[in-house]
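Undergrad: Residue numbers (this note's numbering), protein chains in the order written: chain A, 32 to 200; chain B, 4 to 269.
These aren't lab readings, by the way, just hints derived from the structure by calculation.
Here a beta-carbon is modelled for each residue, glycine too, at the ideal position from N, C-alpha and C.
Hints are supplied without guarantee of correctness; some may be wrong.
A short, non-exhaustive set of chain B residues, derived as facing chain A with CB atoms under 8 Å [said to hold, decoys possible]:
hint	residue
1	E130
2	F131
3	V171
4	E207
Calculated cross-link-like contacts (lysine-lysine; reagent style PhoX-like; alpha-carbon spacing at most 25 Å) [what the hints assert, rightly or not]:
hint	chain 1	residue 1	chain 2	residue 2
5	A	K49	A	K115
6	A	K42	B	K118
7	A	K184	A	K103
8	A	K101	B	K34
The chain contents come next:
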Amino acid sequence: MTEQSALLLRKQLAELNKNPVEGFSAGLIDDDDIYKWEVVIIGPQDTLFEGGFFKAYLTFPYDYPLRPPKMKFITEIWHPNVAKNGDVCISILHEPGEDKFGYEKPEERWLPIHTVETIMISVISMLADPNSDSPANVDAAKEWREDPNGEFKKKVARCVRKSQEMAFD
Amino acid sequence: MAEEKQESSQGDIEGVNCLAYDEAIIAQQDKIQQEIANTNPLVSDKQDLSVLQKEYAEDDAVYQLKLKDLYKKYAYIRKTRPDGNCFYRAFGFAHLESLLEDSKELQKFKAVAAKSKHDLVNEGFTEFTIEDFHNTFMDLIEVCEKQPSLQELLNSFNDQNMSDYVVVYLRLLTSGYLQREHGFFEHFIEGGRTIKEFCQQEVEPMSKESDHIHIIALAKALNVSILVEYMDRGEGGTVNHHVFPEGGDPRIFLLYRPGHYDILYK
Numbered sequence: 032m033t034e035q036s037a038l039l040l041r042k043q044l045a046e047l048n049k050n051p052v053e054g055f056s057a058g059l060i061d062d063d064d065i066y067k068w069e070v071v072i073i074g075p076q077d078t079l080f081e082g083g084f085f086k087a088y089l090t091f092p093y094d095y096p097l098r099p100p101k102m103k104f105i106t107e108i109w110h111p112n113v114a115k116n117g118d119v120c121i122s123i124l125h126e127p128g129e130d131k132f133g134y135e136k137p138e139e140r141w142l143p144i145h146t147v148e149t150i151m152i153s154v155i156s157m158l159a160d161p162n163s164d165s166p167a168n169v170d171a172a173k174e175w176r177e178d179p180n181g182e183f184k185k186k187v188a189r190c191v192r193k194s195q196e197m198a199f200d
Numbered sequence: 004m005a006e007e008k009q010e011s012s013q014g015d016i017e018g019v020n021c022l023a024y025d026e027a028i029i030a031q032q033d034k035i036q037q038e039i040a041n042t043n044p045l046v047s048d049k050q051d052l053s054v055l056q057k058e059y060a061e062d063d064a065v066y067q068l069k070l071k072d073l074y075k076k077y078a079y080i081r082k083t084r085p086d087g088n089c090f091y092r093a094f095g096f097a098h099l100e101s102l103l104e105d106s107k108e109l110q111k112f113k114a115v116a117a118k119s120k121h122d123l124v125n126e127g128f129t130e131f132t133i134e135d136f137h138n139t140f141m142d143l144i145e146v147c148e149k150q151p152s153l154q155e156l157l158n159s160f161n162d163q164n165m166s167d168y169v170v171v172y173l174r175l176l177t178s179g180y181l182q183r184e185h186g187f188f189e190h191f192i193e194g195g196r197t198i199k200e201f202c203q204q205e206v207e208p209m210s211k212e213s214d215h216i217h218i219i220a221l222a223k224a225l226n227v228s229i230l231v232e233y234m235d236r237g238e239g240g241t242v243n244h245h246v247f248p249e250g251g252d253p254r255i256f257l258l259y260r261p262g263h264y265d266i267l268y269k
């Protein structure tokens with residue numbers, strides 16, 4: 032029943048187009064493929080990421096929402112929970128049972144009732160509040176832990192600037 | 004064959020770092036799950052209860068005695084896949100099966116099921132995120148209204164996606180009832196968690212196993228009485244049973260063996 036996941040994703044896309052949610056925008060990478068989304072996250076206010084426009088791809092499995100999508104930032108972003116290749120590593124995108132790092136609390140795992148909107152809300156909250164206990168980018172986590180206003184801030188500011196240049200190209 | 008596979012996968016993980024080692028464990032767990040899936044249908048055909056005999060050693064006195072006790076009360080078993088969702092799947096199938104020939108009860112159940120979505124929405128669930136699961140559940144009840152063959156119902160429950168959608172909805176109903184009656188249930192939650200946390204950790208995620216508290220909640224949420232026969236290593240020679248909720252007149256009989264539920268028939 033791949034159709035059911037396609038229908039659900041179409042419904043979510045239509046809903047997001049009709050009633051956009053503050054903080055991000057969403058669309059398809061290719062209009063013919065409902066399983067591949069492009070989202071742009073606006074760096075949350077009062078954080079180091081403020082002013083940035085971060086583009087990311089969401090790839091949904093055919094058995095969504097039984098299993099979570101994968102998320103990858105295309106815009107360069109320096110963050111403890113985003114791997115250097117852009118892969119987003121937050122617990123709600125992990126299936127229950129699978130716990131490579133062993134740090135995450137079980138309550139934050141993937142649930143079939145998550146939507147693009149609830150995922151984005153988690154990602155935006157991750158930008159505002161990194162979790163350095165289970166880093167995907169160890170260097171960023173170390174810098175953030177040792178001095179969030181030092182090297183870390185500088186690298187984030189560079190990403191924000193680059194993201195603006197990309198967005199207004 | 005299985006041994007060979009294990010050897011080669013062990014060879015693969017030698018000399019790699021810790022993280023890769025964890026990944027190898029996850030890969031192996033996936034493989035085990037896959038093997039379980041290949042050898043166990045989600046819901047099996049009805050089998051003679053004597054199939055259980057082969058699962059226990061002849062000199063395993065505790066289980067052999069309990070099996071004898073079980074034979075006195077039941078004749079058949081229908082097995083479910085041990086994937087952590089077995090309670091919900093066993094319940095869902097057994098209940099709809101029992102309603103195939105009882106259209107009056109089926110109509111009552113349909114009314115309860117139809118209303119259940121509003122209860123969940125009142126409980127704070129977003130309609131949009133639960134309605135696909137609810138629709139699949141209602142579709143299946145409507146299929147039952149047409150009095151399909153048992154095989155059709157069995158096919159639906161062995162369609163992974165449809166079957167899992169039903170499991171998700173039963174999990175949501177369980178969660179909703181626990182949260183609605185949190186004043187009562189919160190006394191039974193271990194680990195200082197709130198009911199909401201418990202539901203998000205132990206009820207709503209797929210593959211999380213069920214305990215008494217889940218069974219009571221689902222039985223009450225759907226107003227269906229469930230009898231569970233407990234067969235474990237405890238002394239006594241007889242199989243103990245519990246009816247959920249207490250004092251009900253059960254239509255569904257489940258066999259619990261540590262970590263797993265199957266369906267029993269008289």
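Undergrad: Now look at each hint and say whether the structure bears it out.
TA: Each hint tested on the structure:
no. : hint              : result
1   : E130              : 11 Å, violated
2   : F131              : 7 Å, holds
3   : V171              : 5 Å, holds
4   : E207              : 5 Å, holds
5   : K49(A) - K115(A)  : 34 Å, violated
6   : K42(A) - K118(B)  : 23 Å, holds
7   : K184(A) - K103(A) : 22 Å, holds
8   : K101(A) - K34(B)  : 21 Å, holds
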